[in-house]
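The listed protein sequences correspond, in order, to chains A, B and C. So that you can map any letter, position 285 of the first sequence is 332 in our numbering, and since no number is skipped, the others follow by simple counting. So that you can map any letter, position 117 of the second sequence is 324 in our numbering, and since no number is skipped, the others follow by simple counting. So that you can map any letter, position 38 of the third sequence is 206 in our numbering, and since no number is skipped, the others follow by simple counting.
Where hints are given, some of them may not hold.
Said to hold, decoys possible - Derived pair list, reagent style SDA-like, types lysine to any residue, alpha-carbon separation capped at 20 Å:
{"id": "1", "chain 1": "A", "residue 1": "Lys308", "chain 2": "B", "residue 2": "Thr433"}
{"id": "2", "chain 1": "A", "residue 1": "Lys434", "chain 2": "C", "residue 2": "Ile288"}
{"id": "3", "chain 1": "A", "residue 1": "Lys550", "chain 2": "A", "residue 2": "Pro75"}
{"id": "4", "chain 1": "A", "residue 1": "Lys277", "chain 2": "B", "residue 2": "Asp258"}
{"id": "5", "chain 1": "C", "residue 1": "Lys346", "chain 2": "C", "residue 2": "Phe298"}
{"id": "6", "chain 1": "A", "residue 1": "Lys519", "chain 2": "A", "residue 2": "Val340"}
{"id": "7", "chain 1": "A", "residue 1": "Lys227", "chain 2": "B", "residue 2": "Ile364"}
{"id": "8", "chain 1": "A", "residue 1": "Lys308", "chain 2": "B", "residue 2": "Ile364"}
These are computed hints drawn from the structure, not numbers from a lab.
Chain residues, written in single-letter form:
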Amino acid sequence: MKKHFFKILLISFSLVLTSLSSSFAEDPKRGGTLIAAVGNTPRHLNPAVQSGIVTGFPGAQLFATPIRYDNNWDPQPYLAESWEISDGGKTVKLNLVKDAVFHDGVPIKSSDVKFSLETIQKNHPFKTMFAPVISVETPDEHTAILKLSSPHPALMLAMSSQLMSIIPEHVYGDGQDPKKHPQNSVNVVGSGPFKLVEFKSGEHIILERFDDFFIDGRPYLDKMVLKIIKDPATRTIGLENGEIDFYAFENVATNIVRLKKNPNLNVTPKGYAAIGPIDWLAFNTKDGKTADVNVRRAIAYAIDRNFILKAIMLGVADEARTGIHPGSPYYEPNVETYDLNIDKANKILDDAGYAKGSDGMRFGLTVDFGWPGLKPNAEYTKAALKKIGIDVTVRPSADFPTWAKTVSNHNFDLTWDTVFNWGDPVIGVHRTYQSSNIKKGVIWSNTQQYSNPKVDAILEKAGVENDMGKRKALYSEFQKMIANDLPVYWTNTLPYHTIYSNKVGNPPMGIWATSSPMDMTYIKQ
Amino acid sequence: MTLLYSFIRRIFSMALVLLVVVILNFLMLHLAPGDIADTIAQTMGGADEQDMAQLRKEYGLDQPFFIQLFKYILRIAVLDFGHSHFYNLPVYDLIMERFPATLLLVFSAQILSLFVGISLGVFAAQNPNGLSSLFVNMFSLFGYAAPVFWTGLLLLIAFSLHIPIFPVSGMRDITIENGNFFTHFFDVLRHLFLPMITLASIFFAYYSRLCRASMLEVLGADYVRTAKAKGLPKREVLYKHALKNSLSPVITFAGLSFSAVVSGAILVETVYAWPGLGTLAFNSIISRDTPVLLGILIFSTLMVTVGNLLTDLVLRYIDPRIKI
Amino acid sequence: MNKIENDKEENTNPLREMFSTFFKSYSAVTGFLILILITVMGFLGPLIYPTDPFDMVWMPFSPPGNDGFLLGTDYLGRDMLAQIINGARVSIAIGFSAALVSCFIGVGMGSFAGFYGGWIEEILMRITEFFQVLPTLLFAMVIVALFGSSVLSITLAIGAVSWAGVARITRAEFLRIKELDFVLASRASGSSNLSLIFLVILPNAAAPIIVQSALLVGAAITFEAGLAFLGLSDPNVVSWGQVIGSNRTYILDATYTVTFPGIAIFITVLAISLVGDGLNDALNPKLRSR
């Protein structure tokens, strides 16, 4: 009897405790400073004229967008409290919040929305985001009407996260080049929940609550400190000894595995669905030996996705079979996968006429890599292709601009790269495969010089198709085509994880990770 | 007045050295594949032929080499080091921001290694063939032979992770808002400790062995023997007479090694994320931010030459027989 | 002619003397033996232990001692022992070649400066001072970053910035030697300047130059390691510095991947220092023991 009594007491006691603590956890407390680490220093803090998650993290706190997305890919009101889509998707009316002001107190008006969109169209490197937008009408101070030349299902996503930051016309409309505007780094006048205290390039970014933010009671945090720490091991040590509370975009597999074991930290892959990063091996499809699709297929058969997933990624990444991220609703897994088959690879090359020389090698290729994290992949390629008689030379480049110049000018055979989907295929996927996007000198365009008129046609159709079912079918066919042509060999998703200590509540786990406003994040006291 | 004359001569040769640095670097940049326009284009996300031509014109890259060089020298003369296209700030501002941190690191490391090196040298000189001498030799050789970044990494893991006494990176804790001078002072000191020791470790060997050799030579000299014979206490003999006179080769070497210290500082800064010129240089290489690199090269050369000058002044103070 | 030959014999003594003194020192001999061992390992090692350092032979991060891998495997599952053995050849080759380049430049500059004097000396010494004052790592970083990080460019970059010390010593020696009797005698008997420099004076100046060059090899190995750590190395070649640099990201969980190559560099440079010390002491017996 006593045994049972104690058991029941224990169970009810713990039940009470858990309910108490969970109710505590549900009540966000106002106040506190969040110390976050970031891996790179942003060039400046204005995402309207600069792409990339490095700018996106501080940018999304400083600037607001018309729409924000929750964890379920559903658009939620933000600066636009409601919206109406009509005319088959060619007219989008945004009703703006009435009492929103910029950090200098000036009210946010529809003319700022018009100005921001036009600035983005002129200056932001992502040209497909707002290409169909012909004009923005502003019938009154809180209404903006976007007129498009064709339906543009990607528009909703493009109006969220860091992609459509609303910037003040009275600051940026002074005639200076917005890309070089001094107020991109100091005295930033933004529209978001946090305002800038200090930006010390290479060291830290300090943000504090904007008291007149249009959502009452938010943001919860008093301050956010973004410490710029380039070295992954240093960041890990900082997280482990409590100096750092939060780090997003961690992708080093050994760190992820190690930090998962730490009871004071939470490690989650959630939140990156719209970022959609994919690691891949890109081929030059017009020049050199890789122009032959047989060579590309043989290489694909020789490179073992499983080795990369298990040995290099230590099991924390997911397989990627096509150019669309597996987290996207449009992902099509049923494509040719080129599973490891050395014999088949050798046969393909033999049949195609590339005989082995006396040293066992058929020909040589060079491989580049876009950032240091992909160096292991490049080194692996060298060893893997040795088995099918291709002598690979790894070409290092000390800096990003040199690599970008080499690849964008098509002076490469193979290159490893990580490219983001950016939510809607129109924004981040089309650019890699459309023949109209073969632009010499522009990195992350169709640098593979891939040209397939059927693919072009399908992408054009899918880009304007409003019906979800039909769109899925179109993109499914698209993915099968590119898996067959192999302008690129996709291996894995880049396993971004967010790491946060137990005292951080509501870390951003929606589809845009830290490129979304963190006004609901709080410190558990 | 000869002192003034030689001083002016020194300043003049310093300026000459700087000029050569500028020309040399400019030449190198010009010879290297690619130019600033390429870099800027890629940083912005890419540009087509037309944009590139426009960029080149904007940056004066379409002008002949000597005109570009001449213009650059003129700008340097008025302290306009150009604009960093990565950080979007004037190079001069960037360098001035980072310079104190590197100076602090280099200076404190140099002082520490001199102090420790000289102490070890004196210690070893008292018993030149004994075990202690051998021990000192081995200890200081360790710092010299082990690659400084390796020492730094191991120290970092040992004392920041396993035994968390010291902070992991950076120069200060920015969450300290309302501290007084002393709070900030000790905060910086805490952050400085590991990098300083790491950088100093390279030079223990040099200074201790130089000091030992120099002391041995002096100790055998007549005037020292005389002092001993007079019955002066050993301590006084050692420090007042011998040490003072044996310092010049050590100080001379300190002056000559300034450039090596700066080099070591780059590696140490990278390990500890110390916000100085070293990390700035490294970041500029990764982003091919050539105006910044040029600026850092010129500036660090300046630091070294000034360091040499200061060392010579100290030498002259210790041993007035030496001419500058 | 006879007189010159006699003098020559008389004057190669410093070198021979130096070496015989050298072999009497325990630490110097230890260093020398270690160096021989490492060189042998570098050149014969791959024959005895033929694993390709680039081949993926096992699962990554296999700890040392497991599964038959004495030093474990790295982040790609490559054999650490193979990397250390093959790294010896590359690191020493780069170190040696860079030191050779430096020696070449330095001796050239110093000998001409010391011999000719006057404005030639002035100019050459200014140039030397310039390279002494230049922050060497930074300059080498810039060269390698601009011109690519192949083995050739790294060797040349290191060699091009490290010669100032050799130049100064060479000049000092030349200044000392050129007024000695046997040199004046050679000059009187009509030897050309160049033959005086290279055939008469230089062999007598060789001792301290050799010492300095020996130390330079150690410095060059460390230099290369530093450049590799910063990411400026040739990925198609295995060098110890490269191994440290590539494995730096994994230092928390696989510290051994960084420790072993670091120890290799340490032992090599230590051995070179001991040898250099021995040569130096042999050169200046006055300071050796008291």
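To see whether the hints hold, each was checked on the structure:
1. Between lysine 308 of chain A and threonine 433 of chain B the CA atoms are separated by roughly 70 Å; this puts the pair beyond 20 Å, and the hint is violated.
2. The suggested pairing of lysine 434 of chain A with isoleucine 288 of chain C is violated, with an alpha-carbon distance near 59 Å, which exceeds 20 Å.
3. The suggested pairing of lysine 550 of chain A with proline 75 of chain A holds, with an alpha-carbon distance near 11 Å, which does not exceed 20 Å.
4. Between the alpha carbons of lysine 277 of chain A and aspartate 258 of chain B the distance comes to roughly 32 Å, so the proposed pair goes past 20 Å and is violated.
5. Taking the CA atoms of lysine 346 of chain C and phenylalanine 298 of chain C, the gap is about 26 Å. The hint is violated against a cut of 20 Å.
6. A threshold of 20 Å between alpha carbons decides the hint, and for lysine 519 of chain A with valine 340 of chain A the separation of about 27 Å lies outside it, so the pair is violated.
7. A distance of roughly 41 Å separates the Cα atoms of lysine 227 of chain A and isoleucine 364 of chain B; the hinted pair therefore is violated under the 20 Å criterion.
8. For a cut-off of 20 Å, the pair hint linking lysine 308 of chain A to isoleucine 364 of chain B stands: about 18 Å separates their Cα positions.
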